[in-house]
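Asks: For reference, the chains in residue letters:
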Amino acid sequence: MAILNASPLTASPVVSEPPSSSNPGLPVSVRNLEKSFGKQKVLKGLNLEIRAGEIFVIMGPSGSGKSVFLRHIIGLEVPDAGEIRIGNELSTSEAIGDHYRLAIVFQSGGLLNSLTVAENIGLYLSEHRLKSRDQIAPIVRDKLALVRLSPEVGDKYPSELSGGMRKRVAIARALVVDPQLILFDEPTSELDPLVGLTIGREVLNLNQRTGVTTVVVTHDRDLAFGIADRMAFLVDGELIALGTPEEIRAFNHPILQQFLAAEFK
Amino acid sequence: MFQNLGEMLVLLGATLGTLPRFWQERRRVAEQLFDIGNSSLFMACMLALFMGGVLSLQTGPVLVQRGLGSSLGGLVALALCKELAPVMMAVLIAGRIGSSMAAELGSMQVYQEIDALRTLNINPIRYLVFPRVVAIAVALPCLVVFANLVGWMGGALVAQFNARVEVSWNAYFSNLRATVEWMDLANGLIKSFFFAIVVGVVSCHQGLTTRGGPRGIGRSVTKAVVNSIVLILVLDYALTRLLLPLDNGWQF
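Just so you know, the protein sequences line up as chains A and B, in that order.
Here the first sequence is numbered in this note's numbering, starting from -19 and rising by one per residue.
Here the second sequence is numbered in this note's numbering, starting from 769 and rising by one per residue.
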């Protein structure tokens, strides 16, 4: 049962004050990563390095294992074989939350529907008792402003927001952690192109402002080539191509070229 | 089935492991307690009133016919406090509260809210399961106390006013006082505490292991209620057997 073997990412009940945001982004090292669900092999021996502070985009057709890979990085899945190292820690280590600050923006946002937007954004600080209620309120306002949402949104519940607003709230909640590594799972899915563009800019701005290592899983070619420092292309759980956007465009693989050239005619 | 039982025991252990942080969770426990009391108290009283009434109506004429009418109060009271009130209240809580817990946690699981908690270093067992289990464990014995009182009254009303029974109010309650011992009440309360743990753990377990979207949530809710009721009845026998030696306790 996933919930039982997946205690929170820290073993310690009390989390210390996070280090300052001047900490650089974290490198991620993936070695021979394998994962199966039943008989289906979803990841087949992935090997790659994500450099500290870069925006790394993972693309690939549906069912290629991109989101499962992302869940392995954040420690929500345990690999069958191989390992992922974030900084000097294994992703599966219970102490990783004591040493590094990681955050993920889920495809669905993953906002707690029973809490208001402000409570969602301040949840990390209030639950770990890092700040008092009075101190949390201005932080929440700041984070809302960072993702261009008005302070009034803080009083609403997630169900009262549009898809784009929910995504931005999820980003704001991730920013409260002051992450050294942030993961985005399909950040522009279900969004119109303009909101998608705004989200893409948020990802880029965040990376440039804080130097956080950013991993983005997406189908959105415009977003991928617009923000990536480097990219990986997965097919059926295997790494087909890895390199800069220019190198990926030039890479000669039929599925990759088909993926990049696909247009409705 | 055995895997499920094992997982539930592990979940129970993990929940007990968060007990030292009770004080930090007191607000959430209080919220859950309020929800349970608010949504169940009226229903529990209604159920108990009619349980007591039906018991009186079914057994009263038979006892009166055999010249044992004066024993009615004790019989109704014992049946209620040792067996019917704890079991029926537990079934009620499984249906009303357990199902909603399984649905809520199931929906949180399906829509990645629980994953989000974990990525924020928040233990979902402490944040979600612990307050619910503690709240049920406190609320159910309280409901059983209410159910006993209301059920006894229901039995007395039928005894007094039904022409086929006609056992006086005084005779009913004096026999009740002479028959029921504190240990009988404790017996029911001990049972209800364990039933509450079963309902809480089974419902939370089903919610947390939900897979497959809205249909999965529906399946979890059904399983939570059915498994809770089955386990309550199995545990009822075991607890009744275990508590038998305690029957010669203090007089009420």
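To be clear, the hints were calculated from the coordinates, so they are not data collected in a lab.
Please note: incorrect hints may appear among the correct ones.
Claimed, not checked - List of simulated lysine to aspartate or glutamate pairs, DMTMM-like, C-alpha gap at most 25 Å:
id : chain 1 : residue 1 : chain 2 : residue 2
1  : A       : K24       : A       : E63
2  : A       : K19       : B       : E775
3  : A       : K111      : B       : E793
4  : A       : K136      : B       : E775
5  : B       : K991      : B       : E872
6  : A       : K111      : B       : E799
7  : A       : K136      : B       : D803
8  : A       : K136      : A       : D114
9  : A       : K111      : A       : E63
10 : A       : K136      : B       : E799
To be verified - Cβ pair distances, simulated, as ranges:
id : chain 1 : residue 1 : chain 2 : residue 2 : range
11 : A       : R11       : B       : R789      : 43 to 51 Å
12 : A       : A125      : B       : R987      : 36 to 44 Å
13 : A       : R201      : B       : D803      : 44 to 52 Å
14 : B       : T990      : A       : R31       : 28 to 36 Å
15 : B       : R795      : A       : R128      : 30 to 38 Å
Where a beta carbon is used, it is the ideal one built from N, C-alpha and C, also for glycine.
Asks: Now tell me if each hint is right for this structure.
Replies: For each hint, the structure was consulted:
| no. | hint | in the structure |
| --- | --- | --- |
| 1 | K24/A <-> E63/A | holds (12 Å) |
| 2 | K19/A <-> E775/B | holds (23 Å) |
| 3 | K111/A <-> E793/B | holds (17 Å) |
| 4 | K136/A <-> E775/B | violated (37 Å) |
| 5 | K991/B <-> E872/B | holds (14 Å) |
| 6 | K111/A <-> E799/B | holds (23 Å) |
| 7 | K136/A <-> D803/B | holds (22 Å) |
| 8 | K136/A <-> D114/A | holds (19 Å) |
| 9 | K111/A <-> E63/A | violated (35 Å) |
| 10 | K136/A <-> E799/B | holds (20 Å) |
| 11 | R11/A <-> R789/B: 43 to 51 Å | violated (37 Å) |
| 12 | A125/A <-> R987/B: 36 to 44 Å | holds (43 Å) |
| 13 | R201/A <-> D803/B: 44 to 52 Å | holds (47 Å) |
| 14 | T990/B <-> R31/A: 28 to 36 Å | violated (49 Å) |
| 15 | R795/B <-> R128/A: 30 to 38 Å | holds (32 Å) |
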